[in-house]
Amino acid sequence: MKYKVLIVDDEPLAINVIKRYLESFPDFELAATAQNAVDAFSIISKEHIDVLFLDINMPTMSGLDLIRNLKNPPLVVITTAFREYAVESFDLEATDYLVKPISIERFMNSIARIEKRLSQGGAAAPATANNNQQSQEKDHVFLKIDKRMVKVRFDDIIYIESLKDYVCVKTRTEKLINHNNLVSIAEHLPPDQFVRIHRSFIINLHKVRAIEGNCVEIDGKLLPIGRNYQKPVKKLILNEED
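For any residue, its number in this note's numbering is found by taking its place in the sequence shown, counting from 1, and adding 175.
Source of the hints: derived by calculation from the structure; they are not laboratory data.
Check the hints yourself; a few may be wrong.
[As the list claims (entries may be wrong)] Dumping the calculated SDA-like pairs for lysine to any residue here, alpha-carbon to alpha-carbon at most 25 Å:
#1 K221 - E280
#2 K406 - R384
#3 K322 - L293
#4 K406 - H354
#5 K409 - P365
#6 K275 - K221
#7 K291 - K322
#8 K313 - I286
#9 K291 - K319
#10 K221 - P234
#11 K313 - L205
#12 K179 - N191
#13 K275 - D225
#14 K177 - P234
#15 K291 - I277
#16 K339 - V327
#17 K194 - L205
#18 K339 - N353
#19 K319 - R374
#20 K246 - F200
#21 K246 - E198
#22 K291 - I193
#23 K322 - H354
#24 K313 - K339
#25 K326 - L293
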């Protein structure tokens, strides 16, 4: 039996990326695509859909509003260019949250998570901002530092700072400079543990000591929360402390 997939995105290029990735997974069959949530709602009402790859920012109706209007939604994987919707998406029981540009490695992890839930009849606990879905996945990332590939455990990372064409990964014992950007490095981090709080910073939620105004205190340092990140970041941190 093949799992039926619906891809919803207002950007044809984004649809084509997921379509191309799906070709590597014979158990998944593309049932349809849609460029807005209204058409997607109509398709889901008429056809059986197992998995929905869903963009958020679309005309007329957002992807999150589509989920709210579905009585029995399929498994939903959010695909978006923005990290700040993660909390709300997980509150709506999204199975996964993929930040564009989506790498094939990250997509493979998502497929594994989808297959696990589908094999259990969709009854397995969905990914949330507060549980540790990554516990059964790898607990580290390899970063190229100078000419070496250095293993860095997620739990050792305190925050990551953008330095133009580089990032500085601050750990408990050192600062590692990697030729990368925040969007790319975020693809390799567990979304339930790390969040972008500013155009220049990603933090480890587990390392936050306090919120002071529009800053977080972490490792004895105050890091700013960007204006567009303030509401979701504060909600995510405070939920983490519940």
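Here is how each hint holds up against the structure:
For a cut-off of 25 Å, the pair hint linking K221 to E280 is broken: about 32 Å separates their Cα positions. Only pairs whose Cα atoms come within 25 Å are accepted, and K406 paired with R384 is accepted, the gap being roughly 18 Å. Between the alpha carbons of K322 and L293 the distance comes to roughly 42 Å, so the proposed pair goes past 25 Å and is violated. Restraint check for K406 and H354: not satisfied, since their Cα atoms lie roughly 30 Å apart, outside the 25 Å limit.
Restraint check for K409 and P365: the C-alpha separation of about 18 Å stays at or below 25 Å, so the hint holds. As the CA atoms of K275 and K221 are separated by approximately 29 Å, the hinted pair breaks the 25 Å bound. Distance restraint check for K291 and K322: the Cα-Cα separation of roughly 37 Å exceeds the 25 Å cut-off, and the hinted pair is therefore not satisfied. With a CA separation close to 15 Å, the supplied pair K313 and I286 stays within the 25 Å bound.
Of the supplied pair hints, the one linking K291 and K319 is violated, its CA atoms being roughly 32 Å apart against a limit of 25 Å. Taken as a hint, the K221 and P234 pair is honoured in the structure, with Cα atoms around 22 Å apart against an allowance of 25 Å. For the hint linking K313 to L205, the alpha-carbon distance of about 29 Å lies beyond 25 Å, and the restraint is violated. Taking the CA atoms of K179 and N191, the gap is about 17 Å. The hint holds against a cut of 25 Å.
The straight-line distance between the Cα atoms of K275 and D225 is roughly 22 Å, inside the 25 Å bound, and the hint therefore holds. With a CA separation close to 31 Å, the supplied pair K177 and P234 exceeds the 25 Å bound. For the given pair, K291 sits about 21 Å from I277 by alpha-carbon distance, which is consistent with the 25 Å threshold. For the proposed pair K339 and V327, the alpha carbon gap of about 21 Å is at most 25 Å, so the pair holds.
Distance hint between K194 and L205 is fulfilled; the C-alpha atoms sit about 7 Å from each other, no more than 25 Å. With a C-alpha separation of about 11 Å, the suggested pairing of K339 with N353 holds against the 25 Å cut-off. A distance of roughly 22 Å separates the Cα atoms of K319 and R374; the hinted pair therefore holds under the 25 Å criterion. In summary, the hint linking K246 to F200 is not supported, as the alpha carbons are separated by about 28 Å, beyond the 25 Å threshold.
A hinted pair counts as satisfied when its Cα atoms are at most 25 Å apart, and K246 with E198 does not qualify at roughly 29 Å. A distance of roughly 19 Å separates the Cα atoms of K291 and I193; the hinted pair therefore holds under the 25 Å criterion. At roughly 11 Å between alpha-carbon atoms, K322 and H354 fall within 25 Å of each other, so this suggested pair holds. Note on K313 and K339: the hinted pairing is violated, with a Cα-Cα distance of about 28 Å set against a maximum of 25 Å.
A C-alpha spacing of about 33 Å is found between K326 and L293, which places the hinted pair above 25 Å, so the restraint is violated.
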